[in-house]
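The whole structure should be built from the sequences, with the hints applied where relevant.
Residue numbers (full-length UniProt numbering), protein chains in the order written: chain B, 1 to 329; chain L, 1 to 329.
Hints in this document: simulated from the structure, not taken from any laboratory.
Every residue, glycine too, gets a C-beta built ideally from N, C-alpha and C.
Any given hint could be a false lead.
[Stated by the list, open to error] Restricting the straight-line Cα-Cα distance to at most 27 Å, the calculated cross-link-like pairs of lysine-lysine (BS3-like) are:
1) K190(L) with K168(B)
2) K190(B) with K93(L)
3) K93(B) with K190(L)
4) K93(B) with K33(B)
[What the hints assert, rightly or not] Which chain B residues face chain L? A few, computed with CB under 7 Å, are given here:
5) G57
6) S150
7) A156
8) I157
9) L160
10) D164
11) V242
12) W291
13) D294
[Stated by the list, open to error] What follows is a set of in silico ranges between Cβ atoms, one per label pair, in the way DEER data are often shown:
14) A27(L) with A27(B): 43 to 49 Å
15) G186(L) with A116(B): 43 to 49 Å
16) P280(L) with G243(B): 23 to 29 Å
2 protein chains.
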Amino acid sequence: MHVLIIGAAGMVGRKLAESIASGESLAGQPVEKLTLMDVIPPTAPAGFTGEVVIKSGDIADPAVSTELVSGRPDTVFHLAAIVSGEAELDFDKGYAINLDGTRHLFDAIRHEGQNAPYKPRVVFTSSIAVFGAPFPDKIGDEFFLTPRTSYGAQKAIGELLLADYSRKGFFEGIGIRLPTVCIRPGKPNKAASGFFSNILREPLSGQEAVLPVDESVRHWHVSPRRAVGFLRHAAEIDLEAVGLRRVLNMPGLSATVGEQIEALRRVAGDRAVALIRREPDPMIGEIVAGWPRDFDPARALALGFVGDASFDEIIRIHVEDELGGRIGG
Amino acid sequence: MHVLIIGAAGMVGRKLAESIASGESLAGQPVEKLTLMDVIPPTAPAGFTGEVVIKSGDIADPAVSTELVSGRPDTVFHLAAIVSGEAELDFDKGYAINLDGTRHLFDAIRHEGQNAPYKPRVVFTSSIAVFGAPFPDKIGDEFFLTPRTSYGAQKAIGELLLADYSRKGFFEGIGIRLPTVCIRPGKPNKAASGFFSNILREPLSGQEAVLPVDESVRHWHVSPRRAVGFLRHAAEIDLEAVGLRRVLNMPGLSATVGEQIEALRRVAGDRAVALIRREPDPMIGEIVAGWPRDFDPARALALGFVGDASFDEIIRIHVEDELGGRIGG
Chain B
1 MHVLIIGAAG MVGRKLAESI ASGESLAGQP VEKLTLMDVI PPTAPAGFTG EVVIKSGDIA
61 DPAVSTELVS GRPDTVFHLA AIVSGEAELD FDKGYAINLD GTRHLFDAIR HEGQNAPYKP
121 RVVFTSSIAV FGAPFPDKIG DEFFLTPRTS YGAQKAIGEL LLADYSRKGF FEGIGIRLPT
181 VCIRPGKPNK AASGFFSNIL REPLSGQEAV LPVDESVRHW HVSPRRAVGF LRHAAEIDLE
241 AVGLRRVLNM PGLSATVGEQ IEALRRVAGD RAVALIRREP DPMIGEIVAG WPRDFDPARA
301 LALGFVGDAS FDEIIRIHVE DELGGRIGG
Chain L
1 MHVLIIGAAG MVGRKLAESI ASGESLAGQP VEKLTLMDVI PPTAPAGFTG EVVIKSGDIA
61 DPAVSTELVS GRPDTVFHLA AIVSGEAELD FDKGYAINLD GTRHLFDAIR HEGQNAPYKP
121 RVVFTSSIAV FGAPFPDKIG DEFFLTPRTS YGAQKAIGEL LLADYSRKGF FEGIGIRLPT
181 VCIRPGKPNK AASGFFSNIL REPLSGQEAV LPVDESVRHW HVSPRRAVGF LRHAAEIDLE
241 AVGLRRVLNM PGLSATVGEQ IEALRRVAGD RAVALIRREP DPMIGEIVAG WPRDFDPARA
301 LALGFVGDAS FDEIIRIHVE DELGGRIGG
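See the structure below:
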């Protein structure tokens, strides 16, 4: 099997590539070739015995997708995107990458199939940003698309394209709406959502972290490990069972900031919790108030997608996968 | 006020132009200029004392939108579309007109506004084709987008673009999802939905009509006169009251084919009803089974959109507007 990951230099893309490389299989089939693509050259995962092809380019350029697809990958993971904040600041760039880039990829597959039969599995990562307030406390599988950012609108459009191209038989598409990934490894960044990870990751390494919102704030999370599990399961699932409605809310974990902090206390003790400094930021509070808090992801659960069981588990996954099992600075 | 109608050669576009021309006003303001555009040159409405500009062109060409918008219309009605059946047969053409054409128009307005402040009202006609079965008996205002045609996907994408461009302040957008227009004037056509109009229009003129489905089939209708009323109201409404969710299910009339026929009997008598010939067509029956039957258009009603009160009224409107008040062949 030949697997293509677009957006392979990102955090989730890198972990997905490592997962496929270490298992050397996907959907019960051996993976002989892994093509990793991003705007910067992705790193080849260690220990993979098959062929690895590293590519870089701009998916806003249709020729880039045509070239990528000419290698006829059996499974395509499309994770590339301009993130929310940047898509909001640079309207043209967000639409060029998140809408046009996605459509070019889908059209490249369609055109490749006009030369000779070709119908790859396409896994598209969407986002809970397709939903904007007001919404019910728990968002159900049939709630309408109400993005309040250009990023959310672009992802919602990608979902509609995915479903239509799949319905027409151009490829086997499936879209998954990822919860916010927590704990994101790396350094604190300026993303409005950064604090959800910062307040756990930094104390776990003996560093201070800033909490800009109230402990009552509730949000929808997934560990990086489970996010990779969602992607793999989406590549393996029987699409007959999914039907024409090809985009699913993934099973996240709904937790308040207070619950996150108590989980940190259980896993890492009071000393870690004491490193969280409260510094209320009304602007961040207002942004976060417009984000989904909880879902009822009944379809995804019935289709076998598995989320995190508890925030303790989310924290332990970070300690295992990022800190070599060691807590403290 | 300068009003631009794109798709002005179509049935609804033509009636909208006539309505604006005869009243010579919109949103309480005098209309001095009417630009009518379509792929073929639209007909200028009779009796309008202002300036009428007739244009024709292909809205898949970005230069066409740029030129249209350079005239800085205050209100833009965007009704142009490749219809459902054709968009399903010609994938590229459907996306070129219904998606790219819409986006070019929206971008032309955005770019015009970068030269000097410009923020027109944009009324976008969407369709109940954004919904595909299965759905509840009555579709609510928060039901998710589930198109089962490329046309429906393209309209849903247009809706998302409209909402995002409006949120960013590029124009004052509002989208309305029209029910099936009934009674469509003209000759019987091969559209799968044609019979809903045929079984009324033809007998009202003393002609036979074919009914291919069971009388229990339920559907969602609007008269041409009320459809024009929706468009005018959308151009006039206070968008503060609409908020960020800019696309509304219009208040149609839900009726079974049997109820349509009984209304025909009340308005035109048994002799008219006797002209309906039952010729079951399982293929049409199957297509129609996937279409919305009924809605709960609470938001549109609260915002002052007014639909038809009864099928008797829908038939009387046809007799008044198309037959000069005269029933029979």
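Now for the hints, and whether the structure bears them out:
| no. | hint | result |
| --- | --- | --- |
| 1 | K190(L) with K168(B) | holds (22 Å) |
| 2 | K190(B) with K93(L) | violated (43 Å) |
| 3 | K93(B) with K190(L) | violated (43 Å) |
| 4 | K93(B) with K33(B) | violated (31 Å) |
| 5 | G57 | violated (23 Å) |
| 6 | S150 | holds (5 Å) |
| 7 | A156 | holds (5 Å) |
| 8 | I157 | holds (5 Å) |
| 9 | L160 | holds (5 Å) |
| 10 | D164 | holds (4 Å) |
| 11 | V242 | violated (13 Å) |
| 12 | W291 | violated (15 Å) |
| 13 | D294 | violated (16 Å) |
| 14 | A27(L) with A27(B): 43 to 49 Å | violated (57 Å) |
| 15 | G186(L) with A116(B): 43 to 49 Å | holds (44 Å) |
| 16 | P280(L) with G243(B): 23 to 29 Å | holds (28 Å) |
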